[in-house]
Amino acid sequence: QQQVKQSPQSLIVQKGGISIINCAYENTAFDYFPWYQQFPGKGPALLIAIRPDVSEKKEGRFTISFNKSAKQFSLHIMDSQPGDSATYFCAASATRGGADGLTFGKGTHLIIQP
Amino acid sequence: NAGVTQTPKFQVLKTGQSMTLQCAQDMNHNSMYWYRQDPGMGLRLIYYSASEGTTDKGEVPNGYNVSRLNKREFSLRLESAAPSQTSVYFCASSVGRVAEAFFGQGTRLTVV
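As they're listed, the protein sequences go chains V and F.
If you read the first sequence in the working numbering, its first letter stands for residue 1, the second for the next number, and so on.
If you read the second sequence in the working numbering, its first letter stands for residue 1, the second for the next number, and so on.
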């Protein structure tokens with residue numbers, strides 16, 4: 001049972017455009033929702049994270065939108081740049097209950113075309 | 001700042017061989033994790049250690065064992081490698097359950 005569903009699998013966006021990646025979760029115990037960015041040959045690195053007490057968090061060109069009732073959250077990359085080309089993973093974890101550690105989506109391979 | 005260090009970076013094993021993947025962190029984190037990454041599957045948790053002296057199974061523990069040697073080090077052992085264990089393995093550490101996880105560079109393991 002996949003607890004975090006991520007879409008799309010791959011995404012091509014023109015430079016300067018908006019990249020949007022969506023995730024949905026099932027476990028209502030989840031209360032921490034990070035996004036990780038991974039470049040080829042590297043480990044994932046935290047990009048931005050949100051807790052369910054806010055509906056939106058913005059850091060520079062990156063914004064997380066969170067909809068608790070729909071159990072969905074999304075990453076928006078504004079003014080997308082070729083350097084943003086990477087694989088993006090949404091994830092979730094819970095303060096209590098279940099296993100420690102993050103549950104990841106399957107990833108989105110993002111390509112920003114110059 | 002080393003962060004999370006994994007060794008080796010690459011390894012080829014024959015079916016049935018054993019090996020240990022090493023991981024060390026220098027951030028004084030309590031929690032440490034082993035994930036495997038397979039194409040189209042994201043990262044899946046193998047084992048985790050919430051504190052020194054404790055370990056627990058994650059989503060895909062079969063065929064693996066772990067040891068939390070001390071607060072810094074968390075090793076992953078494959079006792080009898082199988083082709084299905086061909087993957088990229090990542091070690092990570094965190095201050096706790098709902099905090100930023102820092103990942104190592106990964107170990108690319110091929111079992112033939």
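No lab work stands behind these hints, which were simulated from the structure alone.
Among the hints, a few may not be true.
Straight-line C-alpha distance at most 20 Å; calculated DMTMM-like pairs for lysine to aspartate or glutamate [claimed, not checked]:
no., chain 1, residue 1, chain 2, residue 2
1, V, Lys42, F, Glu52
2, F, Lys57, F, Asp38
3, V, Lys58, F, Asp38
Part of the chain V face toward chain F, derived, beta carbon under 10 Å [to be verified]:
no., residue
4, Gln9
5, Tyr32
6, Tyr36
7, Gln38
8, Pro44
9, Ala45
10, Leu46
11, Ala49
12, Lys57
13, Gly60
14, Asp84
15, Asp100
16, Thr103
17, Lys106
18, Gly107
C-beta: ideal position from N, C-alpha, C; glycine also.
Checked against the structure, which of the hints given earlier come out wrong? 1, 3, 12, 13 and 14
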